[in-house]
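Student: Residue numbers (numbering that gives the first Met the number 0), protein chains in the order written: chain C, 0 to 298; chain W, 0 to 166.
Quick caveat, the hints were computed from the structure, so don't treat them as lab data. Think of the CB as a built atom: it goes at the ideal place given N, C-alpha and C, for glycine as much as any other residue. There's no promise every hint is true.
Unchecked claim - Computed spacing ranges between beta-carbons, pair by pair:
1. W:81 x C:289: 50 to 58 angstroms
2. W:121 x C:160: 44 to 52 angstroms
3. W:31 x C:69: 46 to 54 angstroms
4. W:71 x C:24: 23 to 31 angstroms
5. C:245 x W:2: 58 to 66 angstroms
6. W:119 x C:188: 22 to 30 angstroms
7. C:26 x W:118: 40 to 48 angstroms
8. C:68 x W:102: 48 to 56 angstroms
9. C:275 x W:2: 50 to 58 angstroms
10. C:263 x W:118: 26 to 34 angstroms
11. W:119 x C:207: 38 to 46 angstroms
12. C:263 x W:123: 24 to 32 angstroms
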Amino acid sequence: MKPAAFAYHRPASVDEALEILHAHGSDAKPLAGGQSLIPAMNFRLARPGVLVDLNRVTELDFVRRDDRGEIHCGAMTRQRTLEHHTDVIRGAPLLAETMPSVAHAQIRNRGTLGGSAAHADPAAEIPAVLLALDARFIVRGREGTRSVSAERFFTGLFQTALAPGELLVEVVCPPPPPRSGWAFLEVARRHGDYALAGVAAVVTLDERGRCADSRITLLGVGEGPVLAARARKALKGEPPTPAALREAAQAAAAKDVDPPGDIHASSAYRRQLVGVLTRRALAAAFERASAGAGDATKR
Amino acid sequence: MTQQVPVQVTVNGTRHDVVVEPRLLLSDFLRQDLGLTGTHVGCEHGVCGACTILLDGEAVRSCLMFAAQADGHAVTTVEGLASPGGLHPLQSAFHEAHALQCGFCTPGILMTLVPFLRDHPAPDEREIREALAGNLCRCTGYQNIVVAVRQAAADARAHSESESARA
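Kindly generate the complete structure, drawing on both the sequences and the hints.
Tutor: Have a look at this one:
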């Protein structure tokens, strides 16, 4: 058999899962959709002694829109559900629109929102999108529940703010502000492959049509999803002219990232992609913002 | 003492009550324990798509699930596609359009396409190629596979139109 032996638990509730995780310490690993963990186990790159299968924890599989328009997604929500769920399409459209770029349909049928977030692969789409959306991460341990901002949740290469024994139980996406727009773009060698580079952008216009704020995140070019601070600064207060977008894209490529090079793409090529994709994503996002596509009051 | 997990799983309509070691992959369970070797095993890390099966009617990688996780679920493999009366219409279209050469990738491609055509009765070429992106074919080439999918979709639409005309 390919994976190394492990003890298998399939709890029916979060409480039960937390008890098992606590009892086994760092030897235990939660199993969500398994679309990253099981390949790693098949290669024996990962050899957890105890696997805590969350697939029967039905309380973690939900999508709910609250009266403030925030979208609450249980950690075990399948990526396929995010792609098609009306509340996600209306309340967190960037998340729904990105799903077709996440691997293949066969993977999204199993893969989960929480699993991808907790895995924190720097080349993955979901962490970058959640960072662009300024999502909140609801984390539960035996001691209680805490809420972690996206900027604090992703801490490095395959690293998150989750402490041993804690579980990510829910992700909350705030509604798009009025006069906002969004876009996701990536370049992969083949549809569904890991991207060489990608960008998620959420922009908001003020009453005068200038950029009030922007959250541009980049994937595949750092130790985790990168929030492009220099590009954000370059755009703030500017009307979204082609020149302003070009300048922001150049800031992202030149200052916000130091991309790695590998057999798939050199560092210089990834940097070039960041510039081009950022400019195009910003153009698409501002166009939507101007058209009022992101105006929640119009829905 | 190795842990043994009880599993009740329905495969191609037949219920199996078994006990398995937790680390047994669903793909290996289907092939080695049930002898259903139509489900092929290529990369065993979720890239090639050869091991694609249906879990409760949806396409998934059987190499990225443990057999224990199929407990309480229904699995369909390529052996479950054809009826006693003959090939599944998609299989017939593959036959007619010469959409397979060595055939190694074919079971996974068929199992990917059955739910795809259910959800996309009139797919365009881009949609078909996107649906096929998760299945690697290294000898036939995708051209005739795309032709077969279009043919199968057209046949199914013609069939359902004649059915509704008769009703």
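Student: Give a verdict on every hint.
Tutor: Each hint, compared with the structure:
At about 55 angstroms, the beta-carbon gap between residue 81 of chain W and residue 289 of chain C stays in the expected band of 50 to 58 angstroms. Residue 121 of chain W and residue 160 of chain C have their C-beta atoms about 46 angstroms apart, which keeps the hinted 44 to 52 angstroms range intact. For residue 31 of chain W paired with residue 69 of chain C, a C-beta distance near 48 angstroms keeps the hint of 46 to 54 angstroms intact. Checked against the hint of 23 to 31 angstroms, the C-beta distance between residue 71 of chain W and residue 24 of chain C comes to roughly 30 angstroms, which is consistent with it.
Range check, residue 245 of chain C to residue 2 of chain W: about 59 angstroms between beta-carbon atoms, so the 58 to 66 angstroms window is met. Restraint check, residue 119 of chain W to residue 188 of chain C: a C-beta distance of roughly 24 angstroms satisfies the suggested window 22 to 30 angstroms. A C-beta distance of roughly 41 angstroms is found between residue 26 of chain C and residue 118 of chain W, which places it inside the suggested range of 40 to 48 angstroms. Between residue 68 of chain C and residue 102 of chain W the CB atoms are about 51 angstroms apart, so this pair conforms to the stated range of 48 to 56 angstroms.
For residue 275 of chain C and residue 2 of chain W, the hinted distance range of 50 to 58 angstroms is satisfied, since their beta carbons lie about 52 angstroms from each other. Checked against the hint of 26 to 34 angstroms, the C-beta distance between residue 263 of chain C and residue 118 of chain W comes to roughly 31 angstroms, which is consistent with it. Checking the proposed 38 to 46 angstroms range against residue 119 of chain W and residue 207 of chain C shows it holds: the Cβ atoms sit about 44 angstroms from each other. Against the hinted window of 24 to 32 angstroms, the Cβ-Cβ separation of residue 263 of chain C and residue 123 of chain W comes to about 29 angstroms, which satisfies the hint.
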